[in-house]
Every structure is written in C-alpha cells, then in structure tokens.
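Engineer: For chain A, the structure is supplied; the task is to place chains B, C, D and E on it using the hints.
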Amino acid sequence: MILRSRPSGFRLFFIFRGSVLSQITGVLLVNIALATLVTWTHGDIYNHKITLTAIPFTLIGLPLAIFLGFRNTAAYDRYCEGRKLWGEIVLQNRNFARQCLTLVEHAGPLTPEAGLGDVRVRMIVRTIAFSHALRHLLRDTDAVSELKPLLVPQEWQKISTVSNIPDYLMHQMGRDLRLCMDEKRLDGCLAAAIDMSMSSITAAAAACERIKSTPIPFSYTLMLHRTAYLYCFLLPFGLVDTIGFMTPFVVGIVAYTFFGLDALGDEIEEPFGHSPNDLALDAICRGIEINLRDAIGDKHDLKPLLPVNYCLM
Amino acid sequence: MILRSRPSGFRLFFIFRGSVLSQITGVLLVNIALATLVTWTHGDIYNHKITLTAIPFTLIGLPLAIFLGFRNTAAYDRYCEGRKLWGEIVLQNRNFARQCLTLVEHAGPLTPEAGLGDVRVRMIVRTIAFSHALRHLLRDTDAVSELKPLLVPQEWQKISTVSNIPDYLMHQMGRDLRLCMDEKRLDGCLAAAIDMSMSSITAAAAACERIKSTPIPFSYTLMLHRTAYLYCFLLPFGLVDTIGFMTPFVVGIVAYTFFGLDALGDEIEEPFGHSPNDLALDAICRGIEINLRDAIGDKHDLKPLLPVNYCLM
Amino acid sequence: MILRSRPSGFRLFFIFRGSVLSQITGVLLVNIALATLVTWTHGDIYNHKITLTAIPFTLIGLPLAIFLGFRNTAAYDRYCEGRKLWGEIVLQNRNFARQCLTLVEHAGPLTPEAGLGDVRVRMIVRTIAFSHALRHLLRDTDAVSELKPLLVPQEWQKISTVSNIPDYLMHQMGRDLRLCMDEKRLDGCLAAAIDMSMSSITAAAAACERIKSTPIPFSYTLMLHRTAYLYCFLLPFGLVDTIGFMTPFVVGIVAYTFFGLDALGDEIEEPFGHSPNDLALDAICRGIEINLRDAIGDKHDLKPLLPVNYCLM
Amino acid sequence: MILRSRPSGFRLFFIFRGSVLSQITGVLLVNIALATLVTWTHGDIYNHKITLTAIPFTLIGLPLAIFLGFRNTAAYDRYCEGRKLWGEIVLQNRNFARQCLTLVEHAGPLTPEAGLGDVRVRMIVRTIAFSHALRHLLRDTDAVSELKPLLVPQEWQKISTVSNIPDYLMHQMGRDLRLCMDEKRLDGCLAAAIDMSMSSITAAAAACERIKSTPIPFSYTLMLHRTAYLYCFLLPFGLVDTIGFMTPFVVGIVAYTFFGLDALGDEIEEPFGHSPNDLALDAICRGIEINLRDAIGDKHDLKPLLPVNYCLM
Amino acid sequence: MILRSRPSGFRLFFIFRGSVLSQITGVLLVNIALATLVTWTHGDIYNHKITLTAIPFTLIGLPLAIFLGFRNTAAYDRYCEGRKLWGEIVLQNRNFARQCLTLVEHAGPLTPEAGLGDVRVRMIVRTIAFSHALRHLLRDTDAVSELKPLLVPQEWQKISTVSNIPDYLMHQMGRDLRLCMDEKRLDGCLAAAIDMSMSSITAAAAACERIKSTPIPFSYTLMLHRTAYLYCFLLPFGLVDTIGFMTPFVVGIVAYTFFGLDALGDEIEEPFGHSPNDLALDAICRGIEINLRDAIGDKHDLKPLLPVNYCLM
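These protein sequence lines are chains A, B, C, D and E, in that order. Quick note: the first sequence uses my numbering, first residue 4, plus one each step. Quick note: the second sequence uses my numbering, first residue 4, plus one each step. Quick note: the third sequence uses my numbering, first residue 4, plus one each step. Quick note: the fourth sequence uses my numbering, first residue 4, plus one each step. Quick note: the fifth sequence uses my numbering, first residue 4, plus one each step.
If we strip away everything but chain A, and leave its shape as in the complex, we get (with noise of 0.2 Å):
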C-alpha cells in the first residue's frame, strides 16, 4: 500500500513510483510509434488511406466506458471487501482476547512464565497464529517457520501435515473452549459468545479465501482488454486529419489512462499479493500482534512496520 501525501501542481508528473506506469511502459511505447507512422505518413498504408473518424471511436466508447467503469468498480470492491475483512479480523482478535481474559473465569491474573500453558494465553497466542497462517495461505508463502513460537510443540508439529492451517487452527481453539467448558471455568452462554467470536474470525478468513480463489470471471478482462487494445490502436487513424502533428500526444494520453486503468484494475482485482498498491498484510499482522501481546501483558519489543520509500507492505 502506498502512503503519501499528493504532491500538488506540476510534481504530479514526476512520480514513478506508484504510478502503474512500469507496467504499460511497453505497450504505451508501441502505441505511440504507431501513431507517431501515422501521422508522418497520414494514415496511408501502401497507399490505402485508411479513414476513420471520431464517429466509430464514440460508438465503440460506449461499451468500453461499460467494461472499464464496471471492471474498476469491480476490482475495487473486492480490494475494499479484503481490507474490510482484515479489519475484521483486527476487530475479532481484540473481542476474542478481551474475551477470554475476562470471560473465562480464572483462578488468578495472567503470569508472564505461565506461558502458553495458560489457556487463556495460549488461545490468544494461536489466534496472533492464526492471522500469519492466513496472509501466508493468502499470498502462497510458507508459514511454517514462522508460527514456531506461537504454536504448543505438538500443534506446531502437525501444521506441516495439514492442508488448512487456520482451519486446524481454530478447530484447535474450539477443543481449548471445550476444555474450559469442562473445567467449568465458563458457562454455555459465555462459551456461546466467546463461540460466535470464532465463527467471525473463521468467517473473514474463509470470505478472504474466496476472493483469492475466484476471480472477476475471465471472459470480462478478455473482452476489456481486447476492447481497449483495439481502441487505442486504432485511434491515430481516427485523429490524424483533424489535429495533425498533435495525434501521438493525444493518443499517448488516452493510451496512458485506458491501459493504465486496466493494470491498476489487475492489481488491487487479488488485493493479498506484494505489489504497491495490494494491500499491507505484513503490517496489519504485526499490528495484531502488537496488539494481543500488549493485552496478555506480554514483554516485547515489536515495532508497527513502517512504510519503506512510501510502500508499506
């Protein structure tokens, strides 16, 4: 994610990083030779004039305004949706902690040595787990390694084998639950509750799961794609009799917004990858994490990430 201030007037057009231009550098380059030819040899090919006014440009904006606006839309909502749902998970995780430190009744407040062998530190230390198992399930990385600290030997052990981490994860959780249950630390509607919170956590992270795993439907970014590439390839021949030398500067314009608005979409479409604009899971993870260990009264010195060359991962 990209933090920082807008730079105002003309700085504008000095920014690179962030810009989605690496991405259409090549196609925008061709673009504008194409249409630099054009108007050097105003629109004839092998002597064929090829005449196209702005007229089939305007008819053909029309579905491509539809495909455009409706794939931004789109792609956009699913971006805010992941965000939404990591916020969620944020909000669970501070609900599910407060609630096991003030629900489950306990025989005497939180000891730092008690450790994971408290059950109420070990549920909130699985759920800080839970969180890195999800945005490395999200962003097909290995989690393994990194859970070693957070995870009893023997669940940390069988995560190698499983192949839903957060759902062995909480399933875990729900036979920590039913130990407090038995011991009669905590009643059925409390464990309801506490219950509930579980189901939310495993919701958000079930809804991020879909997201990843169903895209905006293929035949759509075909079509817009298609759609635009023609539009702008056409555009010098359709410009060229009408404002002259000036053709590869509108069009590089064009080209830049059309074929940017498309990478941009293809970017925040999968919001859990690690490019610029995707979202920061590292950070919201280690703010989780600061968070639960804060609440448990854990000493520790971890630091929110910070945003490197204003890119927050």
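Please keep in mind that the hints were generated in silico from the structure rather than gathered at the bench. Any given hint might turn out to be false.
When chains are identical, the list treats them as one kind, so a pair holds in a single copy or across two.
Computed cross-link-like contacts, DSS-like style, restricted to lysine-lysine with a CA-CA straight-line distance of at most 25 Å [claimed, not checked]: (1) Lys306 to Lys215; (2) Lys306 to Lys151; (3) Lys302 to Lys161; (4) Lys306 to Lys161; (5) Lys302 to Lys215; (6) Lys215 to Lys87; (7) Lys187 to Lys52; (8) Lys187 to Lys161; (9) Lys187 to Lys87; (10) Lys52 to Lys215.
Structural biologist: Chains B, C, D and E alone, transformed into the frame defined by chain A:
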C-alpha cells in the same frame, strides 16, 4: 470458472477458450456480411439510398448504455451473490463441524470405527451430503447415487421420495440435535448456537434456490436484445458514408462487444450451470468434503479438483 | 414472472407475451404517426420551419439518462428486495418448522390424528396461513376463505375483525410459545431462538408492507415521464433534415426503448401485483405449503405451480 | 408523500401538485426570459457577438452529469434509509409488543382496567409515545402535549426537562425491564431478547437523528448549483445560432429538468420534513398506535390517516 | 461540517466559506491565464499552430468521467461510513449505558457521591472517555489531559504508556464486567448481551481506524490528477478556434468543476480531519457526554456545540 493468467499484448487476440466467441459466431458473421454488402452497394437498396448518419446511433446509444450497464451489473451481482453464498456454505460447514466436535459433550474422542453411529460424525458427514445435494439441486442433476456413502441407510432410502433433499437433510440434522439435548450432551444456549449455524446453512441454500428460480425479468432481456440487434444491424448504413471500406471492420468490433457482453451476461446471470464462466461448484464441494473429513480424522485420498484446460468445474 | 428461455436471433422480434409492448402501443403509434407527418411536411408547420438539430437532444439526453438510469435501478432494487424478502419468508418458515419440531420437548412423535391440537403442528400450519395472509394483504385480495382449514375455529373467526391478519397471527404464535414455556417444554434460551425466527418472519412481512406503501417519490415519475414524452415527440423535428424518410423508423426505435423502459419500471416498481413481470407469489406460497406439510408428515396432494403460457403467477 | 396513480398521456403535463414546479418557477422564468432576449438579439450584447457553440456544453455536461447523478443518488439513499428506519421502528414495535405480552410471565390476562399500572401495558404504550416523540424530535415540533395520555404522570412531568425525550423513554423502558427481572417474571435469556428489541428501536432512532443532523456536504450542493446555473444561463448563447426561435423552448426544457432535479433532491435529502415528497410520518405513527392498541386489546376509534389532496403527511 | 441553508439564486456565487475555492485558487488562476494567452495568440506557439478540436476532449472525457465518478463515490462512501460508524458509537454508548443501569443487579439507586467507585458509573463514564480517546486517535491529537476527570487515577496513569488508548479502555471495561459476574450481579446471558454492546463499540472504533489507515489507492489519485490537469491545460487549444474570446471563461468553468470535485474528494476521503467539510467529531463527542451524564443523573453544565461561522467542528 476459467482460471488462467492474462496473456500479455497481442496474444490476447488468439484466445478462444473462455471468450464467449463461440456463442456469438453466427450472429457476428451475419452482421459482418451485411456490413460488407452495405459497403459494396454504398447503402443503396433497390436504388433507394438509406441515409443514416451517426446521430441516430448516438441517440439509441443512450438507452442501450442504460440497458447494457444495468443488465451487466445485475448479472454480475447474481454471480457474486452465488459465490458468496457458497462461500457462506463452506464457512458455516466449518463452523458447524467445529461446534459439533467441541460443544457437544462427548464420552470419548472420535474413533474412525464408530462411523456414522457417532452422532458427531453423522452430523458432520451429513453436511457433506447437504452440499452435494444442493449442488445437484441447483444443476438439475441426480444426487441420489452420490449420497449413498454419506448417509445412514434409512435416510438414504428416504431421499429418493422427498421433493427437496437438502431441506430433508436439515430436518434430520435437527432431529440429531434434539437427540443430543435429550441425552443432556448440550445445554440450551449451546444448542441455540448450533441451531444458528444450521439456520445459516439453510439460509444460504434457500438464497441459491431463489437465484436459480428468479431470473432477471424477461422483459429486460427482450428489450436489450432487440435494441442491440437493431443497433448493430443498422450500424453499417450509418457508417458507410463516413468511413467507407473500414465499415465491416468497425461494425465487427462494435457487434463483438455488444453481443459478447450480452452473451456473457447470459452465462453468469445463472451462475450455477455448467458453462465455462459459471461457478466451480464441483471444486467447492470437493473442498468442503476434504475439510470436513480432515476435521473428523477420516483417512481419505481425496484431492482438490484442478482446472482442466484452464477450466475448473 | 415470465419464465422462458431466450429465443435466438430474429425470432426475438416476434415475441409479445412478456414484452411490455401492449402497454405502450398507443403512445408509440401516435409518436410514429407524428414522425411520419413531420417527414412528409419536412418539419414545416403552417409554413414555419421548425429547426431542431440533434444538439438539443444530446443536451436533454443528459438529464434523461440520469432519470432513466436512476429510476430503472430504483425499481429493480425494489423488485429484488421484494424477492429477497419472500425468500427470507420461505427460509425462516423452514427454520421455524425445524425449530418447532426439534427444540420443543415433546412427549411423543407427531401423529396425523392430533392435527391442530398438537402445538407444534398448530404453529407450523399457522405459518402457512401467515404466508397466504401476507400475500393477500399485499395484493389487496381477501384472505379469509383461504385460511379456514389452516386455523383453529376461534382464530379463524377472529381474523375477519382485525386490521392486519399477519400481525394477529404472529401474536397468536407468541401465545403458543408462551404456552410451551409454561408447560416447561422449552427453556429460555431456546424460546429466544424460536422468538428470533418469528421476529425475522415479521421483519420480512413488515418490509413487504413498506415497499407496497411507499412508492418511488411521485415527482421523479412525473419529471421522467414529461422529459421522455417531450424528447420523443420533438425528436422527428431534430432528425428529419438529416436522415429523411428513415425518421419514423428511428423515432419508433428510440420511443420503444424509452417508453418500454418506463413501462417496465412501472411494473416491477410494485412487485407484488398481478402483472406478468411481477413476483410469482402464488407459486412461492404453494412452495411453502408443500415444504411445511411435508415437514409435519401431512399427506397432501399439492403440486408446485407451473407457468401457464410462460407466466408463473 | 404523494400517493396517486400516474395519469396517462398528455394529462401528465397538467399536474402541479407534487411536481416541484412551484419551487423553481422564479428561476425558470428568468432563464426563459433571458433565452428569449438572446434569441431576439441573436446573441449580440452591445454589438459583441457571444459565440458559444454546443461544444462547451458537452464538456461542462461531463462534470454536471457526475454531480447530478451523484447528488440524486445520495439524496434518494437518504430518503430510502429514512423510510427503512421507520419501517424498522414499526417492526420492532410489533416484535417488542409480542415479546412483552408473551415472554413476560404474567399472573393473569390483560385487563383494560389495569391500564398503565400493568407493566406490560405500560411498556407497550410507552413505545407508542416513543414513536410520537421521535417524530416530533425529527420535525422540530413540540411533543409534550401529545404524550400526556401515554405516560404515567411522573414520567410525563419529567420529559419537559430532558434534552432527548426518546432516549429518556428508553431508559424508563430499561427500568421496567429490570423490574420484571427483579420480580422473577423473566429469566436472563428472555430479558436479553427483549433488550435486543429495545436496542434495535434505539438504533433506528439514532440513525434518524444522524440523517437529520448530517446533510450531504455543503460543498457538493454549492458546486452543483453553480454549475447548473451557469450551464442553463449560458445555454441560449450556445443554441441560438443553430435552432433559432426554438431556443427559449429548448432552454426551458433543459432548465426544467436540471432545476427540478435539484429542487427534488433538496426535498428528499432531508426526508423527515413537511414538504409534499417527504415521508408520511404522521401516518406511520398512527399506524403504530393502532397496531399496538389492538395488541393490548384497547378499545379505541383511531383510523389510519388518508391522503388529503393526494398528499399523505 | 458546514451547516447552512442554501442561499437562493445568484447569491450562490458569492459564498466562499465551505466552497473549496481557497484550495484551488492557484491552479485555477494559472489555467485561466494560460487560456487567456492562448486566446490572445490564437493557439500559435512560436508560429506553430496547435490544432486540437473538441474531439480529443470527448475521447479523454470518457476515462476522466470514470475516474471522477469513481473517486467521488469512493470518497463519499468513506465519508458516509465514517459518519455511520460514529452514529453507531453514539447508539451503542446509549445502549451500553441503559444495559449497565438496568441489567446489572444493584443494591441501591445511583448516588452522585459514589462517583467512579460505583461500577455502573465507572463503566459509563469510561465510555465517554473512550469516545474522546478515539477522536484524538483519529485526529492525531493528544488525549491524555482531556481524559483525566473521566478515569480512576491508576487507569489514567496507565494510558500514557499504552499504544492504543481506546483498546486499553475496552479491556478495562471487560475487567469490570468480570467483576460484576464474580459478584453475581449479572448472569451469563446478560453478561453476553453487555459484552455484545462492547464488541459493537470496538467494531465501530476499529472500522474508523481502518478508514484512517487505508486511503484510496494512491495510483487512482495520481492518474486522476494527471488526467484532469492535462485535460484542463490543453482545453484552451481545443476551444479557441470555435468560441474565440469566450475561451478563458469556459475553461474557467470546466476547470473549477474538475479541480473543485477533486479537492472536495480529498477533503471528505479522510473524514476525521479538521477541514470544514469533515465530520463534526467534537460536537458528536460532546453529545455523547451530555447523553451519558444525563443518564447517570450527573449535574453538569455542558451545552451542545454550535456551528461557528456556519462550521461545526
């Protein structure tokens, strides 16, 4: 559901799988042939010059844009809702399994030998059956044979006689819940929590049935088709005087986007079918089965489904 | 609700059932006649040439597009909300039936002989009555005769005297719930769960009443109609100088889409009526009745309603 | 709220009630007068010909369409939200009444003589008072006199001294709930269920207050007005060279739609007022009172409010 | 937040407070100056005539409209969400106060002398502190001094050391809830209900933090700005040949709307700041404090905040 990374640049134009080109080839060819004919005759039919400038198309473009944009959004919303509902089913199945395993008081741990005789196993395996049954219901295929290993014999015999199998299974679930309460393995509060998960699964299933049984009002489809057809088939007369021999080409592009958008809308409007852009219900149900069998410690050798020729069913 | 598969190609133009053509034939013919007259006279009225180029129509097109798009979306939202609310009623009825049958402690299994004397049967059959009553309320038809076999005699006599039958039935439901609690067949938590299902049914019914009693603000409808009428009736003057004898044809297409969209909006804006594009409430209520009668093991010979002449009521 | 069926055809043009014409007559006449003047002088002012073709209007039309569409949607959303909130109040009042009558254990049936001395009656009648008080709060009118028969004397004396009457009434409701619990007429679970209904009513009331106290940001309104005014007042200069003596007519139509849409937005943006397109709060509150008085078996002769001159207040 | 009634007619043009004119004066003047220069030289730069008809602007207008409309909606959604979240905080605080006062069993009525020693008062006053702390967190200002009278001394000393004050306060709330349960003043079901209100407050706070920490993706802002700048600065070249000396005037209007919409989006996108169109958090927190102090019968002389110079902070 089509899963493939987007090919870059001009390779985009040589993808057929997942484009909707196959559905619209016929009408597209007729349209281009007409445009060619019009170009050839310069718009004269029996010596009557049909004069249509671009203006009528700008005017008709207005309601057409409203129709297309509206229907596209409506169809995609149905697709997304369908996907979310199945995501909800996946999720609530996980929650339900966790609750069965942890909230129901049990004499001992799960043993594979007990099989469907153990009420916890029976309930969890029945949710697997529920998913499969719902999928078959939505796709109008026969569920009975697939459900045999997942149900106790008398239940399985019953399902061929009931009108709505998922609904019947949920009633059986309720009966088992009652059983647990009668055996004092569950107090009222926890039973209410489990009952709420069951209600959520039922809710998602009912919403899927609603989507299946209530199409977008037929009149929209009809008006959209008529307007799009008239627009595309009249277009050559409007363009031929301005852009000459480029007419068939431009008409082809416009018609491709309009008919394509329309055909795609048809596909995803009813997202539970078997066409390439529909939801991958087979894969989702397989995922549920793997999840839940893992949860009850069942030894199985099910693998997640993989896309075949980029297409996940 | 019209249920038919989309005919392909040019057969589209010969469908009348489900098109809104019948509602707009009059105004469309007047409009085309005017356009023909204008073409004949070349736009001269009493030797005053009315000059209107396409420009005014582009300008008026702006607010018209906003009106049309807005009203279309607003009307469709009402339609979808109406459908979802009835989906919710279907669902909550199923949940409610499951809860009555399983959460209420019972001495023995359901027997057909007990009939409405068994509180579980009485409550479930009363929800069938609730659906029918709500349907009649929304359609301004008389519910009393249809409800006779579904209620105990004194209840049935009472309903002809109350202002809101569904509301009264829900109060009776509450009384039976109280009865179960007094007889200790239900503890507080489970009663709260059943009460929540009743609240959900009441909520959906209240929302249906809200949709029925609150139309889209009349001023929108008025402004939209006026603008659309002015647009279409002035259009011939704007087109005749450019496209000559094609004017009536183009005016006909534009007017068909505008008036058609408007008439369709009128139909689905109030989705509980009897027009072809309205919701199939008869079929939904029949479905509920079959579901619930199956649930209580009642022998019946009800069949789901089928479309007549493509139209499901 | 205006309730009338849509008149067909040309009678549409002779409706004034419910059109927003009265609010915009002034500015519309000025605009048409200017257009007439411009037509008369052919756009010359002191011998300087003001040349504005249609092009600037197409360009300004772009942001104007965004403004108008946006504000229209935002205003209508507020209107719909307001309506839904009152629907929620209606609903939760019904649920609350059902819960009071059935979940609270009672010694005997309701008797009319007991009046507000019976806690169930007192709570239900107080919700009637709540609705009236909220309506008065939203409309900045005085609630005190209307509430006298609905509250016990000491409560009624108190309300003239509190800042937020509905909030105070809800606290009193909480006190009565506590009373029921202290008298063991309600267990914790059922009290929580009733408390949830009270929270829902409070939620709807708080959301109404939010809508009232937070208008659409003033800057939007300001920019929209300025752009629309400039557009309409400059329009004659852009049209006069093309369409001559039709200019005032076309300007009149365009201005009517723009100013009308704007004025309508103003009305429904704050949906709790007294203008014709606002919500019929009087009728809704009357409906609640009839519902709840029926529920407690009170003899009353209240009738639902009916529209006066097509307008329901 | 700017609160003023809309002035009518031409007085609209002489309002500066609340318009965003001050933020965009610079760029607007540069743009108009350029337009004047271009008009003066008829678009010649060093004897090279820059020919740009209106066509390129129609084409660039397409993506620009998508960008502007999208960003405008996205920014306004954030604004509305922010407002709703604070509405939720207001509401849940009221609910929470009602629950504390009525669901917690108490020996006697509230007495002003008890002060924070009474757990009910302590919890309610702490929610006041919570609101203030959240406001300061969202505005990056210092909360510590303002919270002193609202917390018990040891809590107040602690807050200067914690990273997230609202989160800490909520944990303290949980501790007091535990206390009530340990003292048997609350059974499990009612504790769960109060805990749910606390979760709702935490949820709203977490969502506010999410809005603050996650801006609209920077690339959108960047592309929008670039496109709008290019559009407005090239516009004089496109208009000068058609409308001559009116060019600077029309360019001024177009630029005002584009830059103004953009600047307004910047303001409301982050709705918790101090700019005139931001939310009136000071007034909301004051309102909460008055509500809750009234609820516990505290004598205070707080007054609701009033707008200063039409602006409520």
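Engineer: For each hint, tell me whether it holds in the structure or not.
Structural biologist: Outcome of the hint check:
In this assembly of identical chains, lysine 306 and lysine 215 lie within 25 Å of each other by CA distance solely across copies; the values are 19 Å between and 29 Å within a copy. In this assembly of identical chains, the alpha carbons of lysine 306 and lysine 151 lie at most 25 Å apart only when taken from the same copy (20 Å versus 27 Å across copies). For the homomeric pair lysine 302 and lysine 161, the shortest alpha-carbon distance between copies (16 Å) is at most 25 Å, but the shortest distance inside one copy (28 Å) is not. Taking the closest pair of Cα atoms, lysine 306 and lysine 161 come within 25 Å of each other only across two copies (19 Å); inside a single copy the shortest separation is 30 Å, beyond that limit.
In this assembly of identical chains, lysine 302 and lysine 215 lie within 25 Å of each other by CA distance neither inside one copy nor across copies; the values are 35 Å within and 28 Å between. Taking the shortest alpha-carbon separations for lysine 215 and lysine 87, both the intra-copy value of 15 Å and the inter-copy value of 13 Å come in at or below 25 Å. Taking the closest pair of Cα atoms, lysine 187 and lysine 52 never come within 25 Å of each other, the shortest separation being 88 Å inside a single copy and 88 Å across copies. Taking the shortest Cα distances, lysine 187 and lysine 161 never come within 25 Å of each other, neither inside one copy (28 Å) nor across copies (33 Å).
In this assembly of identical chains, the alpha carbons of lysine 187 and lysine 87 never lie at most 25 Å apart, being 36 Å within a copy and 38 Å across copies at closest. Taking the shortest Cα distances, lysine 52 and lysine 215 never come within 25 Å of each other, neither inside one copy (48 Å) nor across copies (53 Å).
Violation of the numbered hints given earlier is confined to hints 5, 7, 8, 9, 10; the remaining hints are satisfied by the structure.
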